[in-house]
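Visitor: Read top to bottom, the protein sequences are chains A and B. Here our numbering is used: the first residue of the first sequence is 1, the next is one more, and so on. Here our numbering is used: the first residue of the second sequence is 1, the next is one more, and so on.
Treat the hints loosely; a few may be bogus.
Stated by the list, open to error - Label-pair restraints from in silico Cβ distances: (1) B:V78 x A:G62: 41 to 49 Å; (2) B:S346 x A:W63: 33 to 41 Å; (3) A:L51 x B:S7: 20 to 28 Å; (4) B:S391 x A:R117: 48 to 56 Å; (5) B:P311 x A:E109: 44 to 52 Å; (6) B:A148 x A:L150: 38 to 46 Å; (7) B:I384 x A:G62: 32 to 40 Å; (8) B:P311 x A:R117: 46 to 54 Å.
To be verified - Rough simulated footprint, nothing fancy, chain B against chain A, three-plus residues with beta-carbon under 8 Å: (9) 39-47; (10) 103-112; (11) 124-130.
No lab work stands behind these hints, which were simulated from the structure alone. All residues carry an ideal CB built from backbone N, CA and C; glycine is no exception.
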Amino acid sequence: MASAPLMPVALRIAPFVTLTALVLWTGFDVLAVTEPRLFQTFAALLVIGTLGLALANLPGWGWAQPGGFVALSLSYFGAHVIVLGVDVLAGLAFVTLLFVHMATRSAAERFAPVYARPLGSEERILVNAALGRMVLRVAFAAGLGLLLPLLAADLALTGIVPARTIPSAVLLAAAIVLVVALLAILPVLERRTT
Amino acid sequence: MRTSLASGLATTSLVFLIAAMFLLSWHLVLLSLPPAIILAVGALFPPSVPKLAAVRSVSRERAPAGMPVEVELSIHNVGPALDLLEVVDVVPRELALAGGTNHTIAGLASDGTLRLHYVVRPTIKGDFRIGPVRVRSLDPLGLGAEDASLPVESRIVVAPAMEDLRRAKLAPRRTRPWFGQVPSRRIGIGTDFWGVRDYVSGDEVRRINWKASARLDRLFTNEYEGERSGDVVIVLDARREAFVGTETDNPIEHGVRAALGIADNVLASRNRVGLIVQRDVLDWVPPAFGRKQLYRILDHLVHVRPGGEWPLAHIAWVLQRFFPQDALVVLISPLSDPTALSAVMSLAAGGYDVSIISPSPLAIEWRLGKQGTEHDTALRILRIERENLISELRRVAQVIDWDPSTPLALPLRRIERWLPPP
């Protein structure tokens, strides 16, 4: 862990680093679009998204954050789906980086004010442990989010799971919807039983 | 409670799925997986509902403004272990954090205890409550949270800083038939020589004027001016229009300081003191003697907040009904009300001795405002208006135009006695 005065700075910088990476990445991909009208559309979405996410850091502008994410994602994935073609590995990395950005932003909002104040040694150990646990869990989730779909793609391409027919795609989609729905109601069910 | 991040991930996953079905693209199906996987990891470790018991202790429940107060909060987990627990001990903004922290995030094992130690420094007087303790149990991925509020409150009463008026002499002109320290212009028990009269059987031997007796060959007795006590009623104008400036630097806060200093000084010389505060309600303390009365007055002054839009003349109603006629009325007001002149005149016409201490709102505004030519001109105009009002008031009352950045004792020292104007 960084020394005491560096922690709040590092926490505050981390979301900006990930956001810069996302914007640059999207910018490079959008530049590859040759059709002028589509280029203008995606560039406009990129600018709107970047502005929205930057403004969301100002007090009272929090509402701009979801719109910023939507615009940035539309710019990247729109360019790939319509013009450039979807590259699975890059797409998965982009989605995972989006999640890492959101998680670091949330961690910065929570932990930076705590580190900004003088902490006792015992208290510092507790806060460091909490931050470590959060970072570890985010890294674990991001790793799984990147690796499992790649594994699934590998399995599909090697023919173990024939995912390239319409019925199988529909079945797979339905299964995923079911899983998401179950995940959504799981905490509620758990709370009722306790 | 699901966070917006969880909802965002679920929506992203569904959008990719729907897009995949429309575009018949297996790539997009794969892209819908990461959000779902992250949601699944989050669902494996949902945040527990916090079951906590909190105890707070404060180093002192009564403190003067500016004195640090130590706060110790202990939170005991009587429920399941909590992965990430965010704790905020809600502190009113008037209590500035001077050390430690009232906000932390940590894991808390079952049956574990989390301690927060911090120091607050009250910036202004008031009756403040620390608490409740707000806690949020978080999933480390930030996908879910469980909130709770622990209703633990601690009260801190902050007394205003007192103006040092030890060297100022404040005494009412009219006295009451009780022994005190105010010369009464009547013969009685006192220390100031009044005159000489013929000795009467029963006079104390120590009061015989031996020089006069030897010169005139018969006995004479010294007489002294009786020292008695009187009544002072402090009227504090805390109406909304009296508020000019900041939370700490405004005529009402300075008026409270002045009122407390005057009450202390007048009570110390064995007079009775009463108080009327004109705020959103008309609040008053009937006149009484002694230290207890000072605490009673302090208790009322602690709760003074700007409010109310009563005309200043309303204090006459309370004065006539609940306070003695021969009391000295010390009005503490910035005189920003245009009806102040008529109100004071009607009080004087009603037979009251009126003295006015006016914390200057112009001085406060000048300190806070921008300095420039237009501001200079505006200040000059306002100052002329105020001086006109004060000179008119001086026909019926003694007026002290007080710049609150200077000690009140300075202008008070110039007044020997609270005599009515000629």
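Visitor: All hints, please: hold or fail.
Guide: Evaluation of the provided hints:
no. : hint                        : in the structure
1   : B:V78 x A:G62: 41 to 49 Å   : 34 Å, violated
2   : B:S346 x A:W63: 33 to 41 Å  : 56 Å, violated
3   : A:L51 x B:S7: 20 to 28 Å    : 23 Å, holds
4   : B:S391 x A:R117: 48 to 56 Å : 54 Å, holds
5   : B:P311 x A:E109: 44 to 52 Å : 50 Å, holds
6   : B:A148 x A:L150: 38 to 46 Å : 40 Å, holds
7   : B:I384 x A:G62: 32 to 40 Å  : 50 Å, violated
8   : B:P311 x A:R117: 46 to 54 Å : 48 Å, holds
9   : 39-47                       : violated (count 0)
10  : 103-112                     : holds (count 5)
11  : 124-130                     : holds (count 4)
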